[in-house]
Amino acid sequence: MAKVIRFLKQNVFMIIGIVMILIIAGMALFAEQIAPIGPFKTDLTNRFSYRTDQHPLGTDFFGRDLLARILVGARYSLFIGIFSITLSMICGGILGMVAGYYPNSRYASIIIWFTDIAMAFPLLILGAMVAMMFGPGIDNTILALSIAYLPRFIRFARAQTLSVKEDLYILAAKSIGMGDMRIFLIHVIPNIISPILVMAVIWMSGAITVEVSLGFLGLGVPPPAPSWGNILQENLRMLIMHPSKVLWPCIAIAWTVQALNMIGDRFRDMLDPRMRT
Amino acid sequence: MKAYILRALIRALITMFFVATLVFIFLRLSPIDPAHTMLGEYATPDRVQIIRHTMGLDRPIFIQYFQFISDLIKGDLGYSYINKQAILPQILSVLPYTLELLMSGIVLGILFGVPLGIIAALKPNGFIDQVIRIFTLVGISIPVFISGIFLIIIFCLNLEWLPITARHGTGLQPRLLVLILPSFSVAFRMMASVTRLMRSSLLDVLKQWYITTARSKGLKERVVILVHALRNALLPLVTYLGISVNILLGSAVLSEMVFMRPGIGRLIVESIIGGDFPIVQVMIMFYAGIVVIVNLVVDITYSFLDPRIVYK
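Just so you know, the sequences run in chain order U and H.
Here the first sequence is numbered in our numbering, starting from 1 and rising by one per residue.
Here the second sequence is numbered in our numbering, starting from 1 and rising by one per residue.
Hints in this document: simulated from the structure, not taken from any laboratory.
Misleading hints may appear alongside valid ones.
[Unchecked claim] If you only want the chain U side, here are some residues facing chain H, beta carbon under 10 angstroms, derived:
(1) Val4
(2) Trp113
(3) Ile125
(4) Val212
(5) Leu219
(6) Leu236
(7) Ile251
(8) Ala259
(9) Met262
[Unchecked claim] Chain U regions said to be covered by chain H (calculated; three or more residues, Cβ under 8 angstroms):
(10) 24-30
(11) 237-246
Glycine included, C-beta positions come from ideal geometry on N, C-alpha and C.
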């Protein structure tokens, strides 16, 4: 029992974060039950209404139920966040690992140069440019975010591989004639995967923020899809008259991002207590 | 040292050149057609064709590229597609607004972050430290536009202490008033990061032997911390400031959109969306140049702060 209590006390924030994510994911999953009206049904006689039984959070510019839009929007944001980071992690991880394993090769120098330049840009600008290139749509947004985060994953995987490469078991494996591919699969990847996963969680909150920002700017998932960025953009015009319509999506976004950060923060502390701030 | 700076500047120019080329290629690959965007509702195929011809967009790519590079070398940054005015004056007219936002963001971040970090490090894991940890956790997570919207709702709508936009002209006072909220919303993240950084850096420094020496000399604790410890703890902060310019530029974009301020961020976003290639190209090169120069400044500052570092 004492162990349980100690675990809880040490990981308070992480547990709160996990609970928060479960809440929002659960609500997103059961959006149809919680807000049966649905995010697309307009009702122009009932615009900007306040709390009613039918509309727990009121309606927006077109008379659509705000709660439904926020919950379905959660699906978009979570889906896009998870997929883009996963894609970026896999591609960036592999590229970075190879760059770290063969550090003196031409390939590695090109990769480093490319990541240096790409990381010079703010994430949002990079994401916006790539989103512009591909056009609107959910797939393109996922692609844009993956490309935006790719340099970070490459850099990180490379750094991890560089430090793992010097370990004794790699030398031992090479000396028995193990091929490079097997070394990657059996020795390198299992050792770099945990730090990379930790950074993935931390960066996922950033990915969701960038996705919302892209939607806010008019890129990303196009309307009438109720992505959080779209909701913010539509309702921001009426901020002075109806601030609650903007407040609720903001709360949802802040909730999700905060939860992910709390989890990621604790993961990072668990992984490497020296990095603890 | 001078040779180092010279080489760094040359590297900067080369990077900018490569970045300009990459951006050129990316933009031409985009499905957005600036002629189409300009015409909007009036876009029939032949009208689009005429506009493309006037813009020079239907020439072969290599000729367009050659024109672009030769213009750059001559120092001609070109004209915007959308409003047909020279780009450089446009950029220079909005630059001050972004600069003041960034500067105040950095100043606020350091002003609040450093003391908080010091206080947190003095009694690690104490109550105040925990409170400050919670604050940093929130500060780092909250996206810029959300903190901006919250600030607007609290201070402009509910309390009515501050105006959202400068309605009453462009004198100094309205300009400062309008600057307060956006700077805070940009600065929250900076404050949180700086606090964390100062806390961990100071904790590391306080374990060093020279701090024990200073204390055993009988110096007042305040002197030990502020004079001996702080100077060394500030080093990672300088590096972080260099990195944070990147983050701040991104935050500035969103802050400008939310608070409807003119600025570089807004300019570039609206140009990207409007397909205004020349402005986007110039802005991206500009960003790349800023980052390289800021890194250079950080390197040089570092060598002043830490005499052990020598640049050949």
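Taking the numbered hints from earlier one at a time, note which ones the structure violates and give those numbers from smallest to largest.
1 and 10
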